[in-house]
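Visitor: Go ahead and model the full structure; you've got the sequences and the hints to work with.
According to the working numbering, the sequence shown is numbered sequentially starting from 7.
Note that these hints are calculated values from the structure, not bench results. We put the CB at the ideal spot given by N, CA and C, even for glycine. Hints are supplied without guarantee of correctness; some may be wrong.
Unchecked claim - Computed list of lysine to any residue pairs in SDA-like fashion (alpha-carbon distance at most 20 Å, straight line):
{"id": "1", "residue 1": "K261", "residue 2": "L197"}
{"id": "2", "residue 1": "K96", "residue 2": "S62"}
{"id": "3", "residue 1": "K166", "residue 2": "L73"}
Said to hold, decoys possible - Per label pair, the in silico range of CB-to-CB distance:
{"id": "4", "residue 1": "E135", "residue 2": "A172", "range": "12 to 20 Å"}
{"id": "5", "residue 1": "C29", "residue 2": "Q51", "range": "20 to 28 Å"}
{"id": "6", "residue 1": "T259", "residue 2": "L140", "range": "37 to 45 Å"}
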Amino acid sequence: MKESSSKKDAIYSLAELCVRILCDGEDIKKNTFEGVAKRVKPNEQEQPLVGFVTESTRLAIDTEVALEWAGAPQDEVKVKENLELELRYKCPAEVRIVDHRLSLSNSVIVTKEPDYSQIPRKEESWLIEFKPVLSGSGSIGPFTVSLEGDRVLVNKHSNKIEFGIARAPSLIALDVKPERVSCTLGEEAVLEVTVLNEGDGPAENITVEAELSDGLEISLGNEEKLINFLGSGENMRFQIFVRAVGQGEELVTMKVVDGRSGQEVVKTSMIRVG
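Guide: As structure tokens, this is what we get:
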């Protein structure tokens, strides 16, 4: 006797739904699945296979895979500073991870990933370390896993975690040489000034100002200089020319202010005028 069209349609609908849940890892509501499963009336030969697939799909629906912050949730993280997330799963049957795939934005890399091999368990969790490498926005996930057990083989995906990535801080350093120098009245002294950015992020609109004691004056150039941009690890060198107009121990105080962070660095050089 030929199967009815309605029975075939019911089996095809159930098969399609099982593939979407078991193979593609789609999140389908349990009542939606049960509504389709109830319409299937397998015969004696079909019952073992239909029963196994249906039960495996129910287990898959009840399985949870999640990515969570290892500490307090963060809306924004710092670039180039490690962060930790916890991957966990919970399943009614004992399963283990046999395959996995992680989606990441281009601004984030994995720095430490655990070994996911283990004996089958109903619950398990791991810590994964990441590093944001570009400022802007970042996302981690979904984490797709293949879980295998005696009663189920299922693909399941986690949630996605999104966050902002703040630019790395700059760190201005200043070097003035020589720290001490002698000259006679009316002569010039030359100071070598180096402004460095030792931070991981860029410095911007850096003002450099020379403050002179009463016995000195600028003989060439200006007392102020603006550096528009100084990248991480970069430096800027220039010279300060001063003339001695008074005798005694005179001071040149160099002050540098990072326009982005507000950081201020001061160094002083002494000129002995004899």
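Visitor: Run through the hints listed earlier and report the numbers of any the structure violates, in increasing order.
Guide: none
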